[in-house]
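Trainee: Position 48 of the sequence shown, counted from 1, bears residue number 48 in full-length UniProt numbering, the numbering being contiguous throughout.
Okay, derived cross-link-like pairs now, DSS-like style, lysine-lysine, Cα gap no bigger than 27 Å in a straight line:
id, residue 1, residue 2
1, K105, K28
2, K28, K69
3, K69, K105
4, K36, K69
5, K52, K28
FYI, nobody ran anything at the bench for these hints, they're computed from the structure.
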Amino acid sequence: MPEKKLRKLVFPFEDLERHLSSKGHTKKMNFFTVGKAFTLVDMPGYGYKAPKDFVDMVETYLETRHNLKRTFLLVDGSVGLLHADRIAIDMCEEFGLPYVLVITKIDKAKQGELLRHILEVQEVIQNHTVGCFPQPFLVRYSMSWIANLYR
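Please construct the entire structure, taking both the sequences and the accompanying hints into account.
Mentor: Here it is as structure tokens:
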């Protein structure tokens with residue numbers, strides 16, 4: 001499931017959708033407040049499409065936000081952990097951030113490669129992290145199953 005669909009599932013509000021129109025091209029941080037409960041901060045990706053000021057923008061935010069409760073790092077299940085993912089994990093560990101690894105697009109990956117990627121993520125969580133939630137979240141690309149939740 002792409003990041004946009006994941007946000008839409010968590011926040012099914014029409015006014016949010018207009019902020020999320022350009023898939024995969026978040027250039028700045030976007031803040032979405034849900035009453036007094038919490039604020040979702042959508043940050044640019046850290047891959048090859050990362051904006052030039054990514055490090056200054058995101059690293060500074062993550063390092064200085066003491067009220068940050070949880071960070072979600074999205075890992076493409078059809079690709080597995082990339083060097084950039086490992087750098088993001090190291091950054092979360094260095095700053096002492098609580099975070100979750102979310103393996104996305106699990107229905108796009110071949111079964112054997114998905115299993116390898118999940119095992120790799122679990123190995124990293126178990127042996128190389130302190131602040132990571134112990135179980136990765138698995139998310140499909142397709143949202144066809146969502147209709148059943150609203151019946």
